[in-house]
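Enquirer: Residues per chain, in single letters:
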Amino acid sequence: MAHKKVVFLSLASDFGCQVQVTNFPELLEMLGSIDLSYWQLATSAHMPEDYDVAVIEGAVTTQEHIELLEKVRGIAECVIVVGACACTGGVVGLALNHDLEEAARTVYGKDASKVAWGHIAPRPVDAVIPTDFKVMGCPINPEEFSYILQRAVQGLTDHPHRETLCSECKINENLCFYKQQKVCLGLVTAAGCNSNCVNRGRACTGCRGLAEDANLEAAREFAAKFSLENELLEAIEVYNTARKEA
Amino acid sequence: MTTLNVKHVARIEGHGDITIDVKDGEVKDIRMDIVEPARFFEAMVKGRTYEEAPLITSRICGICSANHAMTSILATEDAFGVEVGTKTKKMRQLLVYGSYLQNHATHLYVLASPDYLGLPSVFPLAETAPDVVSRALGLKRLGNELCTLVGGRPVHPTMAVVGGFTSEPSRDELLRFADRLEAAVRDAAATVELFGDFEIPRFETEGDLISLIDPSTYAIVGGEIHSLDHGWTKPVSEYRSIFEEKVVGHSNSKHVVVDGGTFMASALSRVNNSWDHLLPSARVVASKVGMRPTNKNPFLNNVCQAIELVDAAERCAMLCREIADDTESVLPVEVKPCEGIGRGATEAPRGTLYHTLEYDKNGRVVAGDVITPTAQNLANLEADMRRFAPTVVAKPREEFIMDVERLVRAYDPCLSCAVH
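These protein sequences, in sequence, are chains L and V. Mapping of the first sequence onto the working numbering: residues 1 to 246, in sequence order. Mapping of the second sequence onto the working numbering: residues 1 to 420, in sequence order.
The hints are simulated quantities; they were obtained by calculation from the structure and are not laboratory data. Predicted, not measured: the structure shown is a model, and the values here were computed from it. Among the hints, a few may not be true.
As the list claims (entries may be wrong) - Computed footprint of chain L on chain V; a stretch qualifies when at least three of its residues, placed anywhere within it, have a C-beta under 8 Å from a C-beta of chain L:
no., region
1, 59 to 65
2, 150 to 160
3, 251 to 260
Yeah, the Cβ is synthetic: ideal placement off N, Cα and C, and Gly gets one too.
Using the sequences and the accompanying hints, generate a full structural model.
Expert: Below you can see the structure in the form of structure tokens.
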């Protein structure tokens, strides 16, 4: 069987997920089973006209991104979106809380018009084209990426974590942050990170985005018991402002 | 007139294009177009809490995430008048050095070395020179694991917060890690030799070399701003009046100048400005490959990064041993938000990073400002490109472009940082 041709593309992001992929030495071994045709971060080879799998990092913030995605969807049989920016809009989506022109003026001052190159409201990739696999997190976990990439090249389907982080956190026997009067987004965030932050004393900040099974109403009621309802809703904004409603 | 275009320069972090106009064998114009889209971080932090600010700014860059988080933490502590203990300060150094090991190993081996080995990427080396690849991956892994040990994960640290750390590594973990760091000094030294052997053009930047300095140590977390050419040293609190930001039409990143002049923020700047504070072992390997101050060849930035790998590995081993036996708590000290403006600076792998955060009395961000090392470097990079390109324009086209790209990569630009 011919190796699947894989390309790695990046939209508006911090490149952190690609860095995580380079942080994964086993990728080199995987190269024996895939043909990594384009990866601007790591190689000067040019983008090919034909490929099987497109891995996409970053949020959509320009008209050019939309055109690129539509072209990619027409070519790739499988699209994998990686990281919070691509999956939910991530932190990039926070700009939605501001008027775009004003945001540009905040950064560039009176010369903003010189550089405002067709910016559009930030959105996740699945707000533009259908996607086949999502690798959640900010940044992604490279082992999880590798697992999902292998499923993709084998023609299998996605099976995301539907449950919330609380399920993993309880197994890890962490104490609940609400008991210390602190907001933790484990209540509503997709599981799959083995509660890495909470294990290390930091409340979940929700980088994997809202879980499919999240019960927002129940979470609000729970937070309200600790008078943390507003704080909960505000904290959810960081990674979910641009999220596409299911 | 022929216009040569390199769209999305490969093996750099972010999206940038090179445009070169050539007429009758002469370079007429050369530009670095930064097409990376802006994400408007300075707008999006507005209204967020002081606890969220470092988490959000960390997302400016996945390579310099430890620096962005740390710099926002310093700015916030400056605004609120928070003082932290020496052990916390040492853990912070470890976190930033972890990102040096990670970044320098990645930049040197994965991004830069193919330039000198005549390869499109580092992947073919896995077959032909497996020892080099395993050395690269080993150093990178060490950096990742150091970031994880003190920061909670390799990218976007979760344990470092305003006031301290949410947890800390055990004594055993630290001592085991110190052994590994000491063992890595050899690999780091081999990296200096490898890059020292690569043939680089004889070239000198006309710009200044600016970095943080500290009278007591090799400055990476905090310090004062120092100019090599002009000899001045100024406090970080004055950075807004030292640096002038300019919006240029062809770049989504602003350009930065000092007194109208371009400058380089880089490992080259640090090694020149803080030479006396490099550990002796690092100075020895540096001298062996001919890197001694003052040296202003930007192509040597790669060698300087390798020198910093030697210094970082040995220094971090010492830091790990020191904090392993220090019983002081690193848990966050009490933080009382108040109205005020705070500034912070750290040395990111590619140069000095400055943040300002202005807060209201409830600890919510009123305004933010970020000046990244790559934004500081872009004007100088273009100035270097304009002087360097004519010296290689007679070469066959592909080689000519490759040489120009090599200069760009020597700067280790980070364009998602530059635009943010």
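Enquirer: Confirm or reject each hint.
Expert: Consistency of the hints with the structure:
1. 59 to 65: holds (count 6)
2. 150 to 160: holds (count 7)
3. 251 to 260: holds (count 3)
In this structure, none of the earlier numbered hints is contradicted; all agree with it.
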